[in-house]
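Start from the sequences and build out the full structure, keeping to the hints where you can.
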Amino acid sequence: MSIDSVFVHKMWNDHELSKMVRGGVPFPMLSDTGGKVGSIYGIYDENAGVETRGRFIIDPDGIIQGYEVLTPPVGRNVSESLRQVQAFQLVRKSKGTEAIPSGWRPGKMTLKPGPELVGNVWKVWKTKMAFD
Amino acid sequence: MPQEFKPGCARPTTGGVVGGEKTQKETLQTEQAIKKEEKTMLLIGRKAPDFTAPAYHKGKFVNLQLSEYFGKWILLCFYPGDFTFV
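These protein sequence lines map, in sequence, to chains A and B. At the far end of the first sequence sits residue 131, using numbering that gives the first Met the number 0, and the numbering has no gaps. At the far end of the second sequence sits residue 85, using numbering that gives the first Met the number 0, and the numbering has no gaps.
Incorrect hints may have been included.
Claimed, not checked - Subject to a maximum C-alpha distance of 25 Å in a straight line, what follows is the list of computed DSS-like cross-link-like pairs (lysine-lysine):
1) A/Lys111 to A/Lys122
2) A/Lys92 to A/Lys111
3) A/Lys94 to B/Lys71
4) A/Lys94 to A/Lys111
5) B/Lys5 to A/Lys92
6) A/Lys107 to A/Lys94
7) A/Lys92 to B/Lys59
8) A/Lys18 to A/Lys35
9) A/Lys18 to B/Lys59
10) A/Lys9 to B/Lys59
11) A/Lys125 to A/Lys107
12) A/Lys9 to B/Lys5
13) B/Lys5 to B/Lys59
14) A/Lys35 to A/Lys9
15) A/Lys35 to B/Lys5
16) B/Lys46 to A/Lys35
17) A/Lys35 to B/Lys59
18) B/Lys46 to B/Lys5
19) A/Lys107 to A/Lys127
20) A/Lys9 to B/Lys57
21) B/Lys57 to B/Lys5
22) A/Lys94 to B/Lys46
23) A/Lys111 to A/Lys127
24) B/Lys57 to A/Lys122
25) B/Lys57 to A/Lys18
26) B/Lys57 to B/Lys71
To be verified - Between beta-carbon pairs, the in silico distance windows are:
27) A/Phe130 to B/Lys5: 50 to 60 Å
28) A/Met108 to B/Lys5: 47 to 57 Å
29) B/Arg45 to A/Asn119: 54 to 64 Å
30) A/Asp13 to B/Gly7: 17 to 27 Å
31) B/Gln64 to A/Asn76: 48 to 58 Å
32) A/Ser80 to B/Lys46: 18 to 28 Å
33) A/Val117 to B/Val85: 42 to 52 Å
It is worth saying that the hints were derived from the structure and are not from the lab. No residue lacks a Cβ here, since even glycine has one placed at the ideal position from N, Cα and C.
Here it is as C-alpha cells:
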C-alpha cells in the first residue's frame, strides 16, 4: 500500500516489477491516496506526504501480532517477515503451549513454558542459537 | 470478495477507514481519537483497523476490504512510493 494511485501501480507493475517477478506482483497493490489508512496505522509521514516502510503481521482473527517500521532508504528482509509469520503460526497451532526462542527458524526447537523451565532455559537453549 | 471497478477520468481515491464519513461532530471525535491513537501507537495485540481501498491486482482494478481477508494470515506492507528503489 502506498499513496500512489492504482494507475501508477499498474505502470510500475507492468513496466518494472513484472521484469523482476514472473507474472507480475501476485498480491493486491493497494492505493491510499491521502494517507488515511497509513495515518490510522501510525506510519504516515505527514511532512513528507508519504508512507514509511511499515509492515504488519495480522493473524486470522484480525489481531496485529507484530509490526516493523523503517524509514524510506532501507529495504525490508522478506525472509525475516516470513520467519515471524511461521513462528506466530506455530504458537497459534500449539494454542500457546509453545514459545519461540530467539534465533528460531522452522524445524528448530521451541520452548514449552512451565514451572520446570524456570531458571533452566540455559540447559536447553544456548546463546549461540540466537545467531543461527 | 473484491469488486472490480471501471476507472473513470478522476483519480480513484481511497475508500477509507471502515466506519465511514460521519457528521462533522462525529468526524471531529474520530480525529481526536486518531490523534490520541498516534500518541500511544500500541497496535500490537489489538484488532487491525479495517479499511477499504482500491487496488491493482493481476491486471484489474478492484476495491477491497481488509476484513475480507480475516481468516488468513495477512502481511500488510506500506512503502513510500512506486518506483522508489528499495
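Verification of the supplied hints:
Proximity of A/Lys111 to A/Lys122 is assessed by CA-CA distance (about 13 Å); at most 25 Å being required, the pair is judged to hold. Annotation: proposed proximity of A/Lys92 to A/Lys111 holds, straight-line Cα distance about 13 Å (limit 25 Å). At roughly 17 Å between alpha-carbon atoms, A/Lys94 and B/Lys71 fall within 25 Å of each other, so this suggested pair holds. Straight-line distance between C-alpha atoms of A/Lys94 and A/Lys111 comes to about 11 Å, which keeps the hinted pair within the 25 Å bound.
At roughly 41 Å between alpha-carbon atoms, B/Lys5 and A/Lys92 are farther apart than 25 Å, so this suggested pair is violated. A C-alpha spacing of about 18 Å is found between A/Lys107 and A/Lys94, which places the hinted pair at or below 25 Å, so the restraint holds. About 35 Å separates the Cα atoms of A/Lys92 and B/Lys59, which puts this hinted pair outside 25 Å; it is violated. Between A/Lys18 and A/Lys35, the direct Cα distance comes to roughly 31 Å. Violation of the 25 Å bound is thereby established for this hinted pair.
A C-alpha spacing of about 18 Å is found between A/Lys18 and B/Lys59, which places the hinted pair at or below 25 Å, so the restraint holds. The suggested pairing of A/Lys9 with B/Lys59 holds, with an alpha-carbon distance near 9 Å, which does not exceed 25 Å. With a C-alpha separation of about 13 Å, the suggested pair A/Lys125 and A/Lys107 falls inside the 25 Å cut-off, and the hint holds. For the proposed pair A/Lys9 and B/Lys5, the alpha carbon gap of about 14 Å is at most 25 Å, so the pair holds.
For the given pair, B/Lys5 sits about 9 Å from B/Lys59 by alpha-carbon distance, which is consistent with the 25 Å threshold. A C-alpha spacing of about 21 Å is found between A/Lys35 and A/Lys9, which places the hinted pair at or below 25 Å, so the restraint holds. The straight-line distance between the Cα atoms of A/Lys35 and B/Lys5 is roughly 23 Å, inside the 25 Å bound, and the hint therefore holds. For the proposed pair B/Lys46 and A/Lys35, the alpha carbon gap of about 17 Å is at most 25 Å, so the pair holds.
Among the hinted pairs, A/Lys35 with B/Lys59 is consistent with the structure: their alpha-carbon atoms are about 23 Å apart, no more than 25 Å. Distance restraint check for B/Lys46 and B/Lys5: the Cα-Cα separation of roughly 32 Å exceeds the 25 Å cut-off, and the hinted pair is therefore not satisfied. Between A/Lys107 and A/Lys127 the CA atoms are separated by roughly 13 Å; this keeps the pair inside 25 Å, and the hint holds. For the hint linking A/Lys9 to B/Lys57, the alpha-carbon distance of about 9 Å falls within 25 Å, and the restraint holds.
A threshold of 25 Å between alpha carbons decides the hint, and for B/Lys57 with B/Lys5 the separation of about 15 Å falls inside it, so the pair holds. Between the alpha carbons of A/Lys94 and B/Lys46 the distance comes to roughly 19 Å, so the proposed pair stays at or under 25 Å and holds. As the CA atoms of A/Lys111 and A/Lys127 are separated by approximately 20 Å, the hinted pair is consistent with the 25 Å bound. Proposed proximity of B/Lys57 and A/Lys122 is contradicted: the alpha carbons are some 51 Å apart, above 25 Å.
At most 25 Å may separate the alpha-carbon atoms for a hinted pair to count; B/Lys57 and A/Lys18 meet this at roughly 14 Å. Restraint check for B/Lys57 and B/Lys71: satisfied, since their Cα atoms lie roughly 20 Å apart, inside the 25 Å limit. For the hinted restraint 50 to 60 Å between A/Phe130 and B/Lys5, the CB-CB distance of approximately 53 Å keeps it satisfied. As the Cβ distance of A/Met108 to B/Lys5 is approximately 54 Å, the hint placing it in 47 to 57 Å holds.
Taken as a hint, the range 54 to 64 Å is violated for the pair B/Arg45 and A/Asn119, whose Cβ atoms sit roughly 33 Å apart. Range check, A/Asp13 to B/Gly7: about 20 Å between beta-carbon atoms, so the 17 to 27 Å window is met. Taking the beta carbon of each, B/Gln64 and A/Asn76 are about 29 Å apart, not inside 48 to 58 Å as hinted. In this structure the supplied range 18 to 28 Å holds for A/Ser80 paired with B/Lys46, their Cβ-Cβ distance being about 21 Å.
Separation of A/Val117 from B/Val85 is about 43 Å and conforms to the stated range, judged on CB atoms against 42 to 52 Å.
Of the hints listed earlier, those the structure fails to meet are numbers 5, 7, 8, 18, 24, 29, 31, in rising order.
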